[in-house]
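Engineer: In case you want the letters, here they are:
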Amino acid sequence: MSKKEKTAAPKVQLDPFIHWSHKTGRVFMLLFVLYTFCIPLIICAVYGCWPSFKQLLPGLVSIMALMVPTGFAEVGSYTPLLGSSSYLTFATGNLMNLKIPCAMEAQKVAKVEQNTTEGDAIALISTCVSSIVTIVVLALGLLLIAPLQGILQNEVVSTASGYILPALFGCMSLGILGRGNAPTYVKNKLLIIAIPALLVSLLTIAGIASSGMAGYLLLIMIPLSILCARILWKKGIVKVVENPNYNAPEGK
Amino acid sequence: MTGATIANSPLLYILIAIGLVFIIVFALYSFFKARKRCLELGVSEETISNVVKTSITSSLVPSLAILLGFITLSVSLGAAWPWWRLSVIGSLSYEIMAADYTASGIGVSLSQVLSSDPSVFAAVMIVMTVGVLSGPVLVAILAEKYSTGIMKVKSGKGDWGQVFSGVFYLAMFAVYIPILIFTELPTALTLFTSMILTILLGIASKKLPVLANFTMAIVLILSMASSVMWDGLFK
Chain E
1 MSKKEKTAAP
11 KVQLDPFIHW
21 SHKTGRVFML
31 LFVLYTFCIP
41 LIICAVYGCW
51 PSFKQLLPGL
61 VSIMALMVPT
71 GFAEVGSYTP
81 LLGSSSYLTF
91 ATGNLMNLKI
101 PCAMEAQKVA
111 KVEQNTTEGD
121 AIALISTCVS
131 SIVTIVVLAL
141 GLLLIAPLQG
151 ILQNEVVSTA
161 SGYILPALFG
171 CMSLGILGRG
181 NAPTYVKNKL
191 LIIAIPALLV
201 SLLTIAGIAS
211 SGMAGYLLLI
221 MIPLSILCAR
231 ILWKKGIVKV
241 VENPNYNAPE
251 GK
Chain F
1001 MTGATIANSP
1011 LLYILIAIGL
1021 VFIIVFALYS
1031 FFKARKRCLE
1041 LGVSEETISN
1051 VVKTSITSSL
1061 VPSLAILLGF
1071 ITLSVSLGAA
1081 WPWWRLSVIG
1091 SLSYEIMAAD
1101 YTASGIGVSL
1111 SQVLSSDPSV
1121 FAAVMIVMTV
1131 GVLSGPVLVA
1141 ILAEKYSTGI
1151 MKVKSGKGDW
1161 GQVFSGVFYL
1171 AMFAVYIPIL
1181 IFTELPTALT
1191 LFTSMILTIL
1201 LGIASKKLPV
1211 LANFTMAIVL
1221 ILSMASSVMW
1231 DGLFK
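Note that the protein sequences, when read in sequence, are chains E and F. Heads up: the first sequence runs through residues 1 to 252, numbered per this note's numbering. Heads up: the second sequence runs through residues 1001 to 1235, numbered per this note's numbering.
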């Protein structure tokens, strides 16, 4: 253990809100999974239209072969960014194209850091709001499905919808260049991802990597980035320094 | 009776509406608890209000893209089931894939699901449901230990804790940015357009602070509009 670590507090007590939000989130998630599973079963029971095992098997095998590793990759990669809002986020879906960018933007607006109690609470507020917005928009879509069909299936709208990911990432990516809003910031932090970014670039140019593989790539690049960070931090190249731009929020 | 009979049944609509109300109630409950804790921690009412405004405006454009997916999927599966799937865990690409795998495994095309025997539609519902549950189940099992573990490292390991907790965010960009830049030219140009617009709006919001709450929404609309031009020119 390094000298720097020895000076740190030996035991960390987390905020009661963090415990509450995880406990409640877990109960919510279990109820949600149970209810989601019950919907098709109730329909089958009421209408007497149970599919045979033979009808289910090919689809189940194909989709689970794909989705179980994806589930591991997504949980491993995105939970650290979402904290206790992971439960609602995974229940309502659309992680990279909606929930994570919204939570990041909300933390930026509130000038709070990830993996702190304030950051976690702000991410949860953002996730709650964006989940409700999507549900409301789709409910309105259901009511107005006929007139909306013509507008939304227009070629221009359809093309633009396919580019939502670069539009979101362009907006978010500048955040990693700044010093943030904390009293201290990590100097030379971009060096941490130099090797992972180079590897992904080469894989993409070679036609191996694509956005559909991002979850799997993250599972490899996160440990590699942690390793790079550790080496660079030990060598003193990456270090935590005072943030000259820091303005303490009112009331603190 | 065909697949359309159960796809458009009032019972399915009622079950879905109950599920959505459950999610909304949980979201509202969590919202007020998080808001209360933020206020206790010294985050001002104004900041929380700005967070809410930003979250609403930033969610609208992506939600419209999801709405487009809903309309696309409703052609093959009726309105009710896609309404549920895209309001909750699903995404268009996964939903179409799951429905297609099931239908083709049974020996019908996706466009024939509604006109086939109701057991085909039932099979599609079950496969789409079971197939995507791995993520939510894993979150329920792992999220607390995983996420609080990182928080503990951040607050208990001094400088290394701060470096470590930021790595996850950086790694996300190390993966997505090269993919978006090197996959195809219109995607890269949309990304750069979005970056430039973000810088311009950042400058503008210093003179007009209210803009800061709408940055993401404005950037999304304008850069997605530019993507139509890039797509037309370079694809």
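Hints listed in this document are in silico derivations from the structure and should not be mistaken for laboratory results. Careful: at least some of the hints might be erroneous.
As the list claims (entries may be wrong) - In silico BS3-like pairs for lysine-lysine, Cα to Cα no more than 30 Å straight-line:
1) K1033(F) with K1053(F)
2) K23(E) with K1235(F)
3) K1145(F) with K187(E)
4) K23(E) with K1157(F)
5) K54(E) with K1157(F)
6) K111(E) with K1157(F)
7) K235(E) with K1053(F)
8) K1206(F) with K23(E)
9) K239(E) with K1033(F)
10) K235(E) with K1207(F)
11) K1207(F) with K111(E)
12) K1033(F) with K234(E)
13) K234(E) with K1157(F)
14) K1145(F) with K1235(F)
15) K234(E) with K1152(F)
16) K111(E) with K54(E)
17) K111(E) with K1235(F)
18) K1235(F) with K1036(F)
19) K1152(F) with K187(E)
20) K1036(F) with K239(E)
21) K1157(F) with K1033(F)
22) K239(E) with K54(E)
23) K239(E) with K1145(F)
24) K187(E) with K235(E)
25) K1145(F) with K23(E)
26) K1206(F) with K187(E)
27) K1207(F) with K1235(F)
28) K1053(F) with K239(E)
29) K23(E) with K1207(F)
30) K1235(F) with K187(E)
Claimed, not checked - Facing chain F, from chain E, some residues (calculated, C-beta under 10 Å):
31) V33
32) Y87
33) Y185
34) K235
As the list claims (entries may be wrong) - Computed, partial: chain E to chain F, Cβ under 7 Å:
35) F53
36) M67
37) E118
38) L142
39) C171
40) Y216
Where is the CB? At the ideal position from N, CA and C, for every residue including glycine.
Engineer: Quick check on V33(E) please, does its C-beta sit within 10 Å of some C-beta on chain F?
Structural biologist: holds, 5 Å
Engineer: For K111(E) and K54(E), compute the direct alpha-carbon distance and say whether it is at most 30 Å.
Structural biologist: violated, 54 Å
Engineer: Taken at face value, is the distance from the CA of K1157(F) to the CA of K111(E) at most 30 Å?
Structural biologist: holds, 22 Å
Engineer: Run the distance test for K239(E) versus K1145(F): straight-line Cα separation, threshold 30 Å.
Structural biologist: holds, 27 Å
Engineer: K23(E) and K1207(F): Cα distance at most 30 Å?
Structural biologist: Roughly 43 Å separates the two Cα atoms, so the pair is violated.
Engineer: Using Cβ atoms only, decide whether E118(E) comes closer than 7 Å to chain F, and label the hint accordingly.
Structural biologist: Holds, because the Cβ-Cβ distance from E118(E) to chain F comes to roughly 5 Å (cut-off 7 Å).
Engineer: Would you check the hint for K234(E) and K1157(F), treating anything up to 30 Å between C-alpha atoms as holding?
Structural biologist: holds, 14 Å
Engineer: Measure nothing beyond the straight line between the CA atoms of K1207(F) and K111(E); if it is 30 Å or shorter, mark the hint as holding.
Structural biologist: holds, 19 Å
Engineer: Can you confirm whether the C-alpha distance between K1157(F) and K1033(F) stays at or below 30 Å?
Structural biologist: holds, 29 Å
Engineer: With a cut-off of 30 Å on the C-alpha distance, tell me whether K235(E) and K1053(F) pass.
Structural biologist: violated, 43 Å
Engineer: If you take the shortest Cβ to Cβ gap from M67(E) to chain F, is it below 7 Å?
Structural biologist: holds, 5 Å
Engineer: Given the proposed pairing of K23(E) with K1157(F), does the C-alpha separation stay at or below 30 Å?
Structural biologist: holds, 25 Å
Figure legend: structure checked against the earlier numbered hints; hints not met, in rising order: 2, 5, 7, 8, 9, 10, 12, 14, 16, 17, 18, 20, 22, 27, 28, 29, 30, 34, 35 and 40.
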